[in-house]
Amino acid sequence: MIVFVIGSIGGWISAFGGAWKDAPLEGFQIFKFFRSPAFAFGFSLLAAMLTDNFLFITLCGIGYTIATIETYKTFFFPSKPRGKFAGKPIDFPEMLQRRQRYVPVFVSIWVAILILAFMAYSSGPQGLI
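Mapped onto my numbering, the consecutive letters of the sequence shown carry residue numbers 328 to 456.
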């Protein structure tokens with residue numbers, strides 16, 4: 328229970344902040360509101376398998392939640408303006424093409440994260456931390 332409370336707190340902060348920022352423009356979306364706390368809890372459970380430090384668990388929960396959700400939105404909806412930019416024209420469409428050259432770096436970072444996670448979980452609770 329404590330991991331749920333501690334781990335999902337960053338997700339709740341993200342959810343309330345996102346709702347406060349985006350809801351006046353695009354309406355309240357219940358799935359989006361509960362998505363961040365759910366992801367944060369999941370990532371917190373994974374982090375709790377490696378450490379009992381609540382600060383690390385909370386930071387892993389919120390950090391990986393934001394990284395995962397933003398990666399998803401960026402790669403699956405690259406030309407869709409979100410939040411306060413929804414419905415507005417894209418002022419710099421050339422940036423959509425320009426940022427594609429950084430995709431290999433971005434993918435490399437995610438591959439490194441996954442490899443390090445595998446190494447940490449395969450070496451046990453005192454693994455890489």
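Calculated from the structure, these hints are not laboratory results. Check the hints yourself; a few may be wrong.
As the list claims (entries may be wrong) - Derived lysine to any residue pairs resembling SDA-like cross-links, with alpha carbons at most 20 Å apart: (1) LYS359 x GLN424; (2) LYS359 x THR395; (3) LYS400 x THR378; (4) LYS400 x ALA365; (5) LYS407 x ARG426; (6) LYS407 x ILE393; (7) LYS407 x GLY390; (8) LYS348 x ARG409; (9) LYS359 x ARG428; (10) LYS400 x GLN424; (11) LYS359 x TRP339; (12) LYS407 x GLY345.
To see whether the hints hold, each was checked on the structure:
Distance restraint check for LYS359 and GLN424: the Cα-Cα separation of roughly 28 Å exceeds the 20 Å cut-off, and the hinted pair is therefore not satisfied. Taking the CA atoms of LYS359 and THR395, the gap is near 13 Å; set against the 20 Å cutoff, the hint holds. Distance hint between LYS400 and THR378 is unfulfilled; the C-alpha atoms sit about 30 Å from each other, more than 20 Å. With a CA separation close to 17 Å, the supplied pair LYS400 and ALA365 stays within the 20 Å bound.
The hinted pair formed by LYS407 and ARG426 meets the criterion: a straight-line CA distance of about 15 Å does not exceed 20 Å. In summary, the hint linking LYS407 to ILE393 is supported, as the alpha carbons are separated by about 18 Å, within the 20 Å threshold. About 23 Å separates the Cα atoms of LYS407 and GLY390, which puts this hinted pair outside 20 Å; it is violated. For the suggested pair LYS348 and ARG409, the alpha carbons sit about 11 Å apart, so the restraint of at most 20 Å is met.
Between LYS359 and ARG428 the alpha-carbon distance is near 29 Å, which puts this suggested pair outside the 20 Å criterion. Between LYS400 and GLN424 the alpha-carbon distance is near 16 Å, which keeps this suggested pair within the 20 Å criterion. Simply put, LYS359 and TRP339 have alpha-carbon atoms about 11 Å apart, close enough for the 20 Å limit, and the pair holds. A C-alpha spacing of about 17 Å is found between LYS407 and GLY345, which places the hinted pair at or below 20 Å, so the restraint holds.
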